[in-house]
Amino acid sequence: MVEYTNSPEVVSWDVTSKCNLKCSHCYSSSSIENKDDEDLTEEDAYRLIDELSDIGVFQLILLGGEPLIRKDIFNIIDYAVKKNLDVGIATNGTIITKEIAKKLSKYNLNGIQVSIDSPQAHIHDEFRSVKGAFHKSIEGIKTLSSEGNRVIVCSVISKINCFEIENIVKIAIDNGAKEFRTIRYIPSGRGLKEFKENAINEHEANHVHGELLRLKEKYEGIIEIASDHSTDFLENEMTQEFCSAGTSTCAIKYNGNVTPCSYINNEKYVCGNVKEESFFDIWHRKTMRDFRDVRKYQGKCKGCNYIQSCKGGCRAAAIGIHEDGYLPDPYCTI
Amino acid sequence: MNNLQRNPKIRWRREVDEVCLYIPKNREMKKLNNVGASVWELCDGSLDSKEIIEEVSKEFDVEANEIKSDVEDFINQLIQLDLLKEA
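So the protein lines, in turn, are chains E and D. Positions -17 to 316 (this note's numbering) are the ones given, in order, by the first sequence. Positions 969 to 1055 (this note's numbering) are the ones given, in order, by the second sequence.
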């Protein structure tokens, strides 16, 4: 039996698939060319937020695309905060102005995440496909922080940055960020195309794992470095599963589709659509649970001694590579 | 000890055999087991620790004396974590 909470604790919602950048690892293949006519309307958003609040969801994380592109984004944040949801937002930081930063600070958000892929501007810009993106993002971090927002600098760990983490942490500190965290490079959306070139290997993953522990100690009291299980996958000391997708967290796509995780785009794993039915009903649907049912896992996961602790690792990565959520996580080194 | 009251800033909800707490201040989630969940639910400001122990002993069919120190320790921990207050 798959254990899961009666309502998710955290829901992430891609509020739009439009974005002013075109990042090579973007799970939602966002770009400025994407149309916004399928995005949930403001009315849909209020109805959704009402339900999430009523069923006891704790955190709502607004993702994209670039969430700040939505004209009604402040109405949505305002409504969600009033409905007692603890709201967080992930932005590329490039369109932050003093006015936006000030407006955001009013809501005391649980965090505003800005991604930095490299301490070197030209590498970050190349990854983001827009020249000048790095400097704009740094300015964004600085402006957000100076207005009292809790800024989280986030790096998608890949071959381009796995040996430069401390330099990114220093940039985060210098510009007032309160937290640094990492995310694995997931083969999803645009990120699928260059996965083999960008994904770190076992040796690099071990380095990142050790480096994060070292930096956590070194910068204690200066910046919070999140314990991220994305890179210590299957370490012997691992005592908890790192992924809660489908058991206590889930995702809503820009068009209302609900999946266990933002990184899952495969239609097979769409459990329902909030434009047509209640989120709560979708959350309790069998398809939401089944993909987390380790008894159904195949390949080297079948019968593996670690399966009860890792729960198969990242299912989005497995789905991205194999188009089958029961096959192994491509990062698994067993 | 005075009546015990949950910190109103803590968001929480009942699951089947536990209570999930969300502490916005540090964005932390905690889970209380079945007995802890009962204690938590009883902390609505109308009962003191002695009365809570009596209620828990009835609910789980154990002698109040047997659970007294565990429940008191648990309540003290919740107070220290600023999750409970004396009303």
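Certain hints may be false.
[Stated by the list, open to error] Lysine to aspartate or glutamate pairs mimicking EDC-like chemistry, simulated, CA-CA at most 20 Å apart:
no.: 1; chain 1: E; residue 1: Lys80; chain 2: E; residue 2: Asp60
no.: 2; chain 1: E; residue 1: Lys268; chain 2: D; residue 2: Glu983
no.: 3; chain 1: E; residue 1: Lys198; chain 2: D; residue 2: Glu996
no.: 4; chain 1: D; residue 1: Lys999; chain 2: E; residue 2: Glu186
no.: 5; chain 1: E; residue 1: Lys198; chain 2: E; residue 2: Glu179
no.: 6; chain 1: D; residue 1: Lys993; chain 2: E; residue 2: Glu(-15)
no.: 7; chain 1: D; residue 1: Lys993; chain 2: E; residue 2: Asp60
Bear in mind the hints are in silico, worked out from the structure with no lab data behind them.
Each hint, compared with the structure:
no., hint, result
1, E:Lys80 / E:Asp60, "holds, 18 Å"
2, E:Lys268 / D:Glu983, "holds, 19 Å"
3, E:Lys198 / D:Glu996, "holds, 18 Å"
4, D:Lys999 / E:Glu186, "violated, 35 Å"
5, E:Lys198 / E:Glu179, "violated, 28 Å"
6, D:Lys993 / E:Glu(-15), "violated, 27 Å"
7, D:Lys993 / E:Asp60, "holds, 19 Å"
Figure legend: structure checked against the earlier numbered hints; hints not met, in rising order: 4, 5, 6.
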